[in-house]
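Peer 1: Each chain is listed here by its residues.
2 protein chains.
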Amino acid sequence: MKLCEMDRLQLETFYISAQKEYEDCKAKGLKLDMSRGKPGREQLDLSMGLLNMRISPDDTKVDGVEARNYGELMGLPAARRLFAELLGVKYEQVFAGGNASLTLMYDLIAKAYTHGLLHSEKPWSKLDNVKFLCPAPGYDRHFTISTSFGMELITVPMTENGPDMNLVEQYVKDPAVKGIWCVPKYSNPDGITYSDETIARLASLKPAAPDFVLMWDNAYCVHEFDGEFVPFKNILDECEKSGNPDMVFEFASTSKITFPGAGIACFACSEANMAYMKKLLNAQIISFDKINHLRHVLYFKNAQGVLNHMKLHAKIMKPKFDMVLNYLESGIAPYGIASWHTPKGGYFVSLFVENGCAKRVHQLCKDAGVVMTDAGATYPYKHDPDDSNLRIAPSFPPLDELEAAMQVLCVCIKLAAAEKLLAN
Amino acid sequence: MKLCEMDRLQLETFYISAQKEYEDCKAKGLKLDMSRGKPGREQLDLSMGLLNMRISPDDTKVDGVEARNYGELMGLPAARRLFAELLGVKYEQVFAGGNASLTLMYDLIAKAYTHGLLHSEKPWSKLDNVKFLCPAPGYDRHFTISTSFGMELITVPMTENGPDMNLVEQYVKDPAVKGIWCVPKYSNPDGITYSDETIARLASLKPAAPDFVLMWDNAYCVHEFDGEFVPFKNILDECEKSGNPDMVFEFASTSKITFPGAGIACFACSEANMAYMKKLLNAQIISFDKINHLRHVLYFKNAQGVLNHMKLHAKIMKPKFDMVLNYLESGIAPYGIASWHTPKGGYFVSLFVENGCAKRVHQLCKDAGVVMTDAGATYPYKHDPDDSNLRIAPSFPPLDELEAAMQVLCVCIKLAAAEKLLAN
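Quick mapping for you: the protein sequence lines, in order, are chains A and B.
Residue numbering for the first sequence follows the numbering used here, starting at 25 and increasing by one per position.
Residue numbering for the second sequence follows the numbering used here, starting at 25 and increasing by one per position.
Bear in mind the hints are in silico, worked out from the structure with no lab data behind them.
You can take every hint at face value.
Copies of the same chain look alike in the list, so a pair counts if it works inside one copy or between any two.
Calculated pairs, PhoX-like style, for lysine-lysine (alpha carbon to alpha carbon, straight line, at most 25 Å):
#, residue 1, residue 2
1, 302, 406
2, 85, 55
3, 303, 150
4, 406, 303
Given the sequences, and given the hints that come with them, work out the whole structure.
Peer 2: Put into structure tokens, the structure is as follows:
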């Protein structure tokens with residue numbers, strides 16, 4: 025029976041029962057973490073081969089480039105080819121970087137401030153106001169980059185097909201709006217993949233700012249855990265076809281393929297953007313770590329090698345997501361007190377509890393020893409206007425701990441919902 | 025006989041003989057590179073053990089930190105300890121970074137522009153003019169960072185004891201002067217180690233700018249190739265003792281210890297600076313590559329392990345420097361047409377040919393198939409006011425190629441000097 029259909033007595037009975045269940049949970053003295061999208065230990069063990077390769081001096085020279093020495097700003101050519109194949113872009117469009125796509129994104133924004141982008145009239149540091157579109161719920165670290173530079177963050181609601189494009193198209197008429205953060209495939213946290221129409225509308229935006237930038241964080245480009253690899257539109261091509269070749273930078277990394285924070289990252293962009301970026305990057309770096317590039321290339325050989333490897337991740341991830349979804353389906357759905365997405369890839373389940381209850385659920389979980397991502401973290405300025413969204417990150421805890429955490433979470437959702445209704 | 029003591033006939037004979045020698049060199053069709061401070065192949069082979077370690081999952085957790093997963097902004101604690109021991113600074117003062125100290129330096133300057141440093145009144149991007157002191161000859165990539173940000177570069181002549189401190193002390197009275205580039209041990213290219221007095225005067229500067237920064241690039245901190253390791257003043261302590269604890273950032277890396285561009289880099293600074301930097305870095309990176317940190321720690325274990333390893337480099341480097349210096353001593357010294365430093369560490373021999381002759385020597389070498397670092401590159405704006413300095417980088421070519429290159433260089437020095445005298 026749905027909670028909203030209960031009479032006062034039924035509700036009170038439900039509340040007392042939930043409270044008892046909660047006290048039992050607390051008594052267990054749990055200490056569980058569902059807060060960050062960190063791969064679990066089993067997943068880390070999948071890539072131990074990368075740590076234990078045999079590499080001879082002859083292996084280190086590929087395409088005439090010595091991976092062990094200085095040089096080759098754009099990175100090891102073989103690593104650029106691997107990313108080009110994975111993203112379906114051209115070799116010339118790929119820059120192979122360091123251990124973190126987040127840093128490449130930060131650095132691009134930093135360069136927009138210090139030097140300007142290719143089509144900037146002046147560096148953003150010389151502007152009075154810079155605004156950035158933030159589809160939300162979204163990735164907190166994107167928003168942190170924007171706030172670090174003092175931008176004004178504009179929340180754009182997410183729909184089932186990606187950001188609300190009617191709003192985006194309105195907002196970009198403001199020349200102070202300089203870009204948008206996108207996680208287009210298995211979005212963080214909703215697990216939504218942008219529809220073809222959304223992608224087409226993004227690629228053909230007509231922003232007032234000549235240096236408007238699509239920050240296309242394709243973090244989960246090959247991260248299906250349920251079903252086969254799903255091919256995805258090449259945003260560079262889409263932008264070029266729409267007459268916006270220089271409007272997009274795409275980012276990806278192997279952080280959730282091999283080792284988080286010790287993989288290799290890349291960005292891809294038009295050749296005109298690349299020529300511009302090379303001039304700037306030439307002052308910052310001789311090249312990123314080409315030996316790590318080499319290791320990844322020798323280990324995977326090609327995109328198919330990566331996809332095969334992702335199947336091993338999927339085998340570990342699928343049961344964890346199933347457990348989360350089963351608990352929500354059986355423990356919460358009957359009461360009609362929350363909704364959630366059912367992703368087929370990525371790292372999160374996005375949960376919407378009753379309006380005004382997310383912080384309360386978070387606190388109840390915390391008091392019972394279960395750490396979740398902060399309520400509100402998925403919104404600009406950490407402010408969820410509905411206080412409704414919670415991000416479940418099932419990857420890190422082992423299955424038994426995840427189960428214990430989900431039991432707690434379900435109890436807390438019920439308790440918070442009952443509290444709210446009873447207070448009315 | 026010195027060239028300046030020759031009469032016209034002697035000079036003409038000398039010139040004709042040099043010209044003949046030069047034509048013989050050209051006829052050999054050489055293709056040699058003495059342009060960059062890149063370790064040679066033999067040196068790269070020294071660290072193959074780092075590429076071929078056996079690392080078990082149990083090895084990857086050190087001090088409770090899992091090197092294979094996200095987290096620990098400051099880097100693997102064991103890597104920070106290693107750098108702390110190498111530089112003689114405190115663990116808390118060390119940030120372990122990515123593959124390049126150059127990038128850490130660039131990023132610090134970038135943050136000064138976008139956010140300001142700890143004691144900045146405002147970000148440097150908001151200032152009309154930023155000036156930076158550039159001891160010269162110096163490292164071209166330092167100057168490139170400064171020019172990339174549009175700074176005004178002020179040349180400070182190098183003395184045998186480091187930068188001319190009388191000038192430095194004058195210049196820092198200008199509040200627009202925001203910092204100085206220093207390579208304090210085996211400076212690039214002169215191989216000069218700053219004297220204790222110079223270091224004391226630098227540490228006790230009283231700059232008008234509250235956010236003046238010593239960019240202390242200790243690139244060659246353990247890079248003796250002639251004799252034992254020479255302990256070196258801890259600049260962080262010196263600055264603290266002089267009441268300037270936050271005035272310095274020190275940089276180092278293992279690029280010329282293990283693999284160029286694939287080693288690990290660090291910066292060290294006061295704890296107040298570190299607290300400030302952590303806030304900014306938190307938006308840029310989750311952490312740099314802790315697996316590469318781990319590899320280096322497992323490989324070297326401690327500072328003594330690094331010093332032992334540097335002895336192997338020294339065995340390869342010493343004969344190359346001896347060859348360069350022997351050629352100059354026997355082939356050039358008798359004519360009194362050039363001077364040079366005799367370093368005991370670092371990567372370069374700094375050569376001063378007759379005023380107005382460096383570009384000519386460079387061109388003659390190039391025409392004979394020997395690439396040297398561009399004449400002027402060691403000065404701000406690539407402008408050597410005397411057109412005299414050339415940087416010899418002996419590390420990269422094998423010994424036989426180095427010998428061939430030095431033969432060419434000596435001929436070119438003679439030819440250019442004779443041309444100059446005959447034109448008078």
